[in-house]
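Construct all of the structure, not just a fragment, from the sequences and the given hints.
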Amino acid sequence: METIYTLKKQDLKPWLESLAQDSDVYVPARDRDNSLVDFFNLSEIKDDLGFGQGQEKRYVLDLVEKTKRSPKQVMYPHWEDLLDFSYEKDPENIEDEKIKLSVSQEAPNSIIFGLKSCDCQAIAKMDAVFGQGIVKDPYYMKRRENTVLISLGCDTVFEDCFCTAVGGSPYGFDHTDLGLMEDGDHYVVFVYTKKGNALAQASNSYLAKADAKDGQDYKSRMQERGRKASEKMSSMWPKTAVEDMAEHLNKAFDASQWKKVSQQCISCGACTFVCPTCYCFDIRDDKDNRQGKRYRCWDFCTSYLYTLEASGHNPREDIQKRYKNKVNCKYNYNFQRQGHLYCVGCGRCVEVCPVDMDIRQIVAAVLKSKQP
Amino acid sequence: MDKTNIVESKHVMAKENPYLPSVAVVKKTIKETPNIISVQVMLEDESERDSFSFKPGQVAQLSVFGSGESTFVINSPASDPSMLQFTVMKVGVNTTAISNLSPGERVGIRAPLGNWFPCQAWEGKKILIVGGGIGLAPLRPLIFHILENRKKYKDLTLLYAAKTPDDRCYKADLKQWEASKDINLAQTIDTACHGWDEEVGLCPHVLEKMKPSPEGTVAVTCGPPIMIKFTLEVLKKLNFDSSHVYTTLERRMKCGVGKCGRCNIGEKFVCVDGPVFSLEELEKIPEPFI
Amino acid sequence: MAKKLTETIIAKAEELFDQVEVMAGYSKGSNPLKVSPCFIEKKQDLDQLIFDKLCINNLATYAYRLSKQVKGNIGMVLKPCDAKAVNQLISEELIDRAACKMLVVGCAGVLDHQKISRHLGGARVFSANIGPETIEVETAEGKKELKTADFYADKCHWCSISDQDMGGDVFVENQQKLQAPKKDRFEDVKQLEKLDLDQIEAYWKDEFSRCIRCYACRNVCPLEVCQDQCIVHLDFPNWQSQKVVPSENKFFQLIRVMHLAGRCVECGECQRVCPQNIGLLKMMKKMNQQIETLFNFTPGMDVEAKPPLLTYKTVEENIEEEELI
Ligand code: SF4
Ligand code: SF4
Ligand code: SF4
Ligand code: SF4
Ligand code: FES
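Residue numbers (our numbering), protein chains in the order written: chain A, 1 to 372; chain B, 1001 to 1290; chain C, 2001 to 2325.
Some clues are possibly wrong.
Quick list of in silico lysine to any residue cross-link-like pairs, SDA-like style, CA-CA up to 20 Å [claimed, not checked]:
{"hint": "1", "chain 1": "A", "residue 1": "K68", "chain 2": "C", "residue 2": "L2120"}
{"hint": "2", "chain 1": "A", "residue 1": "K321", "chain 2": "B", "residue 2": "I1226"}
{"hint": "3", "chain 1": "A", "residue 1": "K251", "chain 2": "B", "residue 2": "I1285"}
{"hint": "4", "chain 1": "A", "residue 1": "K98", "chain 2": "A", "residue 2": "Y87"}
{"hint": "5", "chain 1": "A", "residue 1": "K293", "chain 2": "C", "residue 2": "Q2240"}
{"hint": "6", "chain 1": "A", "residue 1": "K228", "chain 2": "C", "residue 2": "G2142"}
{"hint": "7", "chain 1": "A", "residue 1": "K293", "chain 2": "C", "residue 2": "L2234"}
{"hint": "8", "chain 1": "B", "residue 1": "K1028", "chain 2": "A", "residue 2": "E95"}
{"hint": "9", "chain 1": "C", "residue 1": "K2028", "chain 2": "A", "residue 2": "Y87"}
{"hint": "10", "chain 1": "C", "residue 1": "K2205", "chain 2": "A", "residue 2": "E44"}
{"hint": "11", "chain 1": "C", "residue 1": "K2143", "chain 2": "A", "residue 2": "E65"}
{"hint": "12", "chain 1": "B", "residue 1": "K1031", "chain 2": "B", "residue 2": "M1089"}
{"hint": "13", "chain 1": "A", "residue 1": "K293", "chain 2": "C", "residue 2": "D2235"}
{"hint": "14", "chain 1": "C", "residue 1": "K2068", "chain 2": "A", "residue 2": "S256"}
{"hint": "15", "chain 1": "B", "residue 1": "K1284", "chain 2": "A", "residue 2": "A364"}
{"hint": "16", "chain 1": "C", "residue 1": "K2243", "chain 2": "A", "residue 2": "K228"}
{"hint": "17", "chain 1": "A", "residue 1": "K232", "chain 2": "C", "residue 2": "P2032"}
{"hint": "18", "chain 1": "B", "residue 1": "K1163", "chain 2": "B", "residue 2": "V1091"}
{"hint": "19", "chain 1": "A", "residue 1": "K287", "chain 2": "C", "residue 2": "G2142"}
{"hint": "20", "chain 1": "A", "residue 1": "K251", "chain 2": "B", "residue 2": "P1286"}
{"hint": "21", "chain 1": "B", "residue 1": "K1015", "chain 2": "B", "residue 2": "S1082"}
{"hint": "22", "chain 1": "A", "residue 1": "K287", "chain 2": "C", "residue 2": "S2247"}
{"hint": "23", "chain 1": "A", "residue 1": "K89", "chain 2": "B", "residue 2": "R1106"}
{"hint": "24", "chain 1": "C", "residue 1": "K2205", "chain 2": "A", "residue 2": "D31"}
{"hint": "25", "chain 1": "C", "residue 1": "K2028", "chain 2": "A", "residue 2": "E44"}
{"hint": "26", "chain 1": "C", "residue 1": "K2068", "chain 2": "A", "residue 2": "Y87"}
{"hint": "27", "chain 1": "B", "residue 1": "K1163", "chain 2": "A", "residue 2": "K98"}
{"hint": "28", "chain 1": "C", "residue 1": "K2004", "chain 2": "C", "residue 2": "F2171"}
{"hint": "29", "chain 1": "C", "residue 1": "K2068", "chain 2": "A", "residue 2": "H313"}
{"hint": "30", "chain 1": "A", "residue 1": "K251", "chain 2": "B", "residue 2": "E1283"}
{"hint": "31", "chain 1": "C", "residue 1": "K2243", "chain 2": "A", "residue 2": "Q336"}
{"hint": "32", "chain 1": "A", "residue 1": "K68", "chain 2": "C", "residue 2": "L2005"}
So these bits of chain B aren't anywhere near chain C, every CB distance computed over 12 Å [said to hold, decoys possible]:
{"hint": "33", "residue": "L1020"}
{"hint": "34", "residue": "I1030"}
{"hint": "35", "residue": "S1067"}
{"hint": "36", "residue": "T1096"}
{"hint": "37", "residue": "Y1153"}
{"hint": "38", "residue": "P1212"}
{"hint": "39", "residue": "S1278"}
Hints in this document: simulated from the structure, not taken from any laboratory. Each residue gets a CB set at the ideal place from its N, CA and C atoms; glycine is no exception.
Set out below in structure tokens:
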């Protein structure tokens, strides 16, 4: 899609509000009561949201900071009901108790605004998990189909960003529907997909088409900006082709080294729950008297209980086995299964870890141990 | 029913929603050992029942609504998919709930899941089956398949190990097989006890003593992880080729369709790439038996 | 100053090292405001140890696990307040006094990096230079100078044990003395108690609407040694739904509060590690206040003391029987 638009900064608020009329629009904002930056549903915080510094509102739009949690929960919520069940007596034979099952799922139209390139990459990886394989996941897919992604290129690179080390880039717009670049008093809007195109056309009172010459100029500037931001990123490890990482991980570490790097981990779920590509879930039943729900909820592989079998046998009893599995899952196993690394270098896990575990250093150590 | 050919298996994924179970009615429960019970169920919906089929080795997610799902291998003969049998050891909540089921109660079934024994590829070969305790369950439909298609296979040998005579599952089957000329049955228990006149000793040791010839033989084993591990070692020692040795593995499973990430062993998902693995495949995966 | 202290710690650790199999201490972190726990198994690696104002982690978190993992003794670098947790574990007979060699370091107060990053509006810090008076940080917006006194961990503001050895095997004195301005320990609890019940309810609902049930708070707590068997995950009875909703999240936290009654040493770790910035410590403090008034007991101060809820008296001096009914 070649069309390029521009959006005046002062139009951002009315544009998003107009989009919110028939979609849930998620925007990154800082909650000033507790300093957290997260994606919020615009219609839920609208009256308390300031678009710019200096406004005395509880929430303020934040397009620079990374959100603490990833936007994955818009399409893959922390928990969701899979089905309702109820035991029902047969009126003709009250001895006979039947089971009634029903499924209901809401999949509202959603727009995620202001997500970063790494988060878009991550959604593409989620798509691979839930949309490919022997069967599609209908719950995820339904939400995913109704979701439009509007991302914003990164000019600020944070200390824990490392997207370029895992094959991404700060202006990597390859999985987004619309991509935005900040440019003085306006945003440049690049259209990438049919979905994005439809949204842009429907927004013609806010978006103005750029002429061809400007368009060329914007494009080359976007590339330049991406290059600049990439340069700011500290290089994490010896330059290694993404394809070779799996191989290195297979061979590099022996058990004693895994023990050393994972010893401090306290087996919590923080890194997993903030990670945009972690997708593991548990399925459980909540029953109240004669009816209940079967639901799924995120689970975390660093937990002792994750692989604990009913018999008491636990194949990943120690944290070193669990952490080794986690790193391999991201850099090795999923690569062999799907052909992608399951880390997009967002650095969130590094930031939240209570005990300063740094996946970058561990991967770097693996790769270094394989250097000649 | 055509017993010579197992019809193409219809995966659970034929359903649009792979998480939605089919309702089945408990028909019969059989007490195998003091803490192991077999449950026979029948899909409630007739058309579902008619179109259902599975292959030896495939598993199901069985649930008592309110207690959650657990994974069990379907251990009844694949030639009669109208009645499905599961064997359950009472160890957790769901298994306890299943053990307490009585005929007429409803359960949820998501099946068939996973891969199966490549029985067709083994035609014309000798089959050596080594099972331990409740690990005979996945092997049971395989044994039935071979017995039903007896002419297509050469010798069939089953070595079955249990802690004590009482801990053996499927005692009625064992009795029949003991009398049958179609299968050579050897049984062993861990320590000698009164009235037992068969082998005594751990399964791998007995197997080593038996010295089965690897010539034209496929070996299949299943049991507790530690038994599988040592049995495979013995088979290697006896010069079995890893491509001719099969086992089934267990991991906790949740989704059963390769989504939830729970059941991985290295890059393999037990629910999709397994539960049946050849030793050749396992040799490429790190630490499969822990 | 910090350098000299670190050197002394390393020297003392070397002396202690022959008696232990592994030594838990602090090492350089991945980020200028963090330190990283480390576990040293070889004497020559002891030079990785550091000690400065960023050593906020309570290494007692690892005391129980390490003591189960290694056959020999374990060694730990502890601040006096961290040593309280170890003492409490000992008094509950969860770890063996003789098998745990404590190197207690006098403390001039530690900084709460969350406070710093909140002050900076969450902006990430590229470099930091920390002095007793000022902190110099560099962020995307440039260099900034902060007043050290504003960023002490809460617990430092009411600490009264910063220069006690707390029953350790070795005590390393700190030339710097505690500089955190004194504050009232129950200030925030009092503020909250001024509100009426509906408002308190609303406050906690808002707080727990953010909880993601990552269990970091539980797993970091040195005293929650039962984390792998936690009733929160139990299938039967199904006490706690795994659905992440404010009421369930609060329930989980109330379980923690109850199970830590008379045990919590107020190290503040649970609140520090919460990725969702939930003010968990208010609850813990409230419970401790109760325990102090009812049983006149402060956890972690005396290895010989029997924690009041691990024993019973036929008559409790401070509890009127009627109150219980
Ligand atoms: S592993 Fe860490 S850095 Fe990689 S995508 Fe997940 S949270 Fe981001
Ligand atoms: S790496 Fe850190 S965040 Fe992840 S489980 Fe371990 S302690 Fe928790
Ligand atoms: S650390 Fe915070 S977010 Fe995590 S479970 Fe505890 S209260 Fe909830
Ligand atoms: S409850 Fe929190 S403050 Fe109390 S001992 Fe545990 S981690 Fe420390
Ligand atoms: S059980 Fe979910 S991936 Fe295998």
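Hints not upheld, ascending by number:
9, 15, 16, 19, 25, 26, 27, 31, 32, 35, 36
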